[in-house]
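Number of protein chains: 2
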Amino acid sequence: MTIYLDAMGGDNAPVQIIEGAVAAVSEYGINVTLIGDEAVINNVFENRSLSRTGIDIINVTEKIEMTEEPVAAVRKKKDSPMVKGALLVKGSHEDAFISAGSTGAVLAAATLYCGRIRGVSRPALATLVNIKKPVVVLDNGANADCRPEYLVQFARMGSAYIRSAVGVENPRVGLLNIGTEDIKGNALMKEAHALLKEDSTVNFIGNVEASAVFDSEADVIVCDGFSGNILVKAVEGTAKLSFGIVKDVLMGGALNKLAALIIKKDLYAKKALLDPKAYGGAPLLGTNATVIKAHGNSDATAIKNAVRQADTLVRNGMLSALEEAIKQQEENK
Amino acid sequence: MTIYLDAMGGDNAPVQIIEGAVAAVSEYGINVTLIGDEAVINNVFENRSLSRTGIDIINVTEKIEMTEEPVAAVRKKKDSPMVKGALLVKGSHEDAFISAGSTGAVLAAATLYCGRIRGVSRPALATLVNIKKPVVVLDNGANADCRPEYLVQFARMGSAYIRSAVGVENPRVGLLNIGTEDIKGNALMKEAHALLKEDSTVNFIGNVEASAVFDSEADVIVCDGFSGNILVKAVEGTAKLSFGIVKDVLMGGALNKLAALIIKKDLYAKKALLDPKAYGGAPLLGTNATVIKAHGNSDATAIKNAVRQADTLVRNGMLSALEEAIKQQEENK
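Heads up: the protein sequence lines correspond to chains B and R, in order.
Under the numbering used here, read the first sequence as residues 1 to 333, first letter to last.
Under the numbering used here, read the second sequence as residues 1 to 333, first letter to last.
Only chain B is shown next, with the shape it has when bound in the complex:
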């Protein structure tokens, strides 16, 4: 198995990416191959006296910037980490590629250079959150406009993913909606609801409201990429805001600061539950490879977690599980 890591992508590249790779080697014994400008990478290793054990480097001369139009950029810059990474993992059940760079460029590179699993209409970004139990939300932004059939595929792919990622058997699928009753929702969700209800290979449990996502029985929350992104970002923003409010209270006067000293450690440990970076990144499900989009502002810990996640997904055969899930659907037609 090889885990390829884009050393140049993300707000904190290359330093935090490289430190994350080194941490993955030392903490989990997972070897990592960095893709990027070798001189820049070597410089980071030297300046920070990092160990090169378990790390390989593939040199590339180009880099895709956040401001570039994704499809044009990945077509043009063939010697960039994203294109190189996508080509290296194409069709492989043994390797994975991780990038914290531009989401659009990662999607474009994976779709263009890895291709899609046979039968998949649209690959989807799957975000795992684990507050009370693991829940995967998909699509989280790969497809802003969806047709109802896409959502059924997301349900199947999300189910295969959560089985591989955390071992949930017979995952329960909920549809993100604005009411729990079957007839609720916009036109897309009403149609998707009807299709999911009929699909014998999805364990569909009905609509789930945004306020109940983490309290519901659902293991997989299916939605279009627009709504999914609104949901995940609202959760992220509100958690930050809430803990910011708690922090303000804890800094408000000498007695409160004493309280802060007492609970600080416990609070930080719990707060991490609401940090999406704790779970690694969002795999792009449906391309013919294991590709993970790490959060743009990933630090070394987030990258280390993404490497571990990639390792788990390859070991547990996620790509084969996805192929199987889509094949079953084809046969079911």
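Just to be clear, a hint being listed does not mean it is correct.
Simulated crosslink set (SDA-like; lysine to any residue; CA at most 25 angstroms straight-line) [said to hold, decoys possible]:
| # | chain 1 | residue 1 | chain 2 | residue 2 |
| --- | --- | --- | --- | --- |
| 1 | B | Lys327 | B | Asn203 |
| 2 | R | Lys257 | B | Leu255 |
| 3 | B | Lys271 | R | Lys257 |
| 4 | B | Lys271 | R | Asn130 |
| 5 | B | Lys133 | B | Asp299 |
| 6 | B | Lys257 | R | Ala272 |
| 7 | R | Lys240 | B | Met251 |
| 8 | R | Lys257 | B | Asn256 |
| 9 | B | Lys240 | R | Lys78 |
| 10 | R | Lys247 | B | Asp311 |
| 11 | R | Lys132 | R | Asp145 |
| 12 | B | Lys190 | R | Val15 |
| 13 | R | Lys264 | B | Leu258 |
| 14 | B | Lys264 | R | Lys240 |
| 15 | R | Lys270 | B | Asp266 |
| 16 | B | Lys271 | B | Phe243 |
| 17 | B | Lys132 | R | Lys247 |
| 18 | R | Lys271 | B | Leu273 |
| 19 | B | Lys78 | B | Pro14 |
| 20 | B | Lys132 | B | Asp311 |
| 21 | B | Lys270 | R | Lys265 |
| 22 | B | Lys78 | B | Leu50 |
| 23 | B | Lys264 | B | Phe243 |
| 24 | B | Lys265 | R | Gly252 |
| 25 | B | Lys270 | R | Ile131 |
| 26 | R | Lys247 | B | Ile131 |
| 27 | R | Lys270 | B | Leu273 |
| 28 | B | Lys270 | R | Asp266 |
Honestly, the hints are just simulated from the structure, not real lab data.
Got chain B sorted already, so can you dock chain R onto it with the hints?
Chain R alone, transformed into the frame defined by chain B:
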């Protein structure tokens, strides 16, 4: 001015509704007219020894249940609080109606019996949150499917509302989207973005991501009713979850409980910022009346806040401001 209040609607009706009305009279000196089953209402006053000062009652014999199909229910049950309330405030610039009952039924009653302001395509539910500063999100669930033009009207109505509600001059309008760049979003948001950019009477500042709603410059966040509902409910659910986590930490052992004693009061005061009930209810903007949908699980405090909100909106001439905003738009065409 008369504030009419549906005494029978909501999870905690009639007791909390009536107690909320009594609190509005005693705390703010705002008189309230309750609409409901007079015998039931009188019973609550007697059993709880509440003061009848400043409270009138209008007796009705019917009631719309949460499980009823909204449009059919408001067509049939003419002697229900919702229909009676809608008819009483129709066309009035001096009165308001508040209900914590079924959202669908409130929308249906207001649209059917109050009619729309001339030129309004779709009335919208506007939710005000005031974490760092007041922000109004609309539509929050009245229109699950929207056309881009609707969102431009929401922008104008939301601007008129926040001016009346909290006195924001020249409100800045943001479009809820999955990226800040102009070209981001689904088909609806891309088109709405282009229309808003061209509209000279809206102070449009561009796209706002769900994670940045309360940190952005925007006073008004415009979206379709599906996305708005996902946003507001995700904020609500995550705030509850976050403070639940903090509460767990504060209950974890004797020392932590000491910390809890110290910060409890400050924490509760701050936590209220994230409670949507603190701001009253969501007015339905665009009908020919002032109609407020209070949260389904409103307690007496939430109802009291909604009464105060209704009083403010009537005093500040919200309905005239909405008429003016839509008229300007017509003239602008």
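For this session: Would you list, in rising numerical order, the hints stated earlier that this structure does not obey?
Result: 9, 10, 11, 12 and 22
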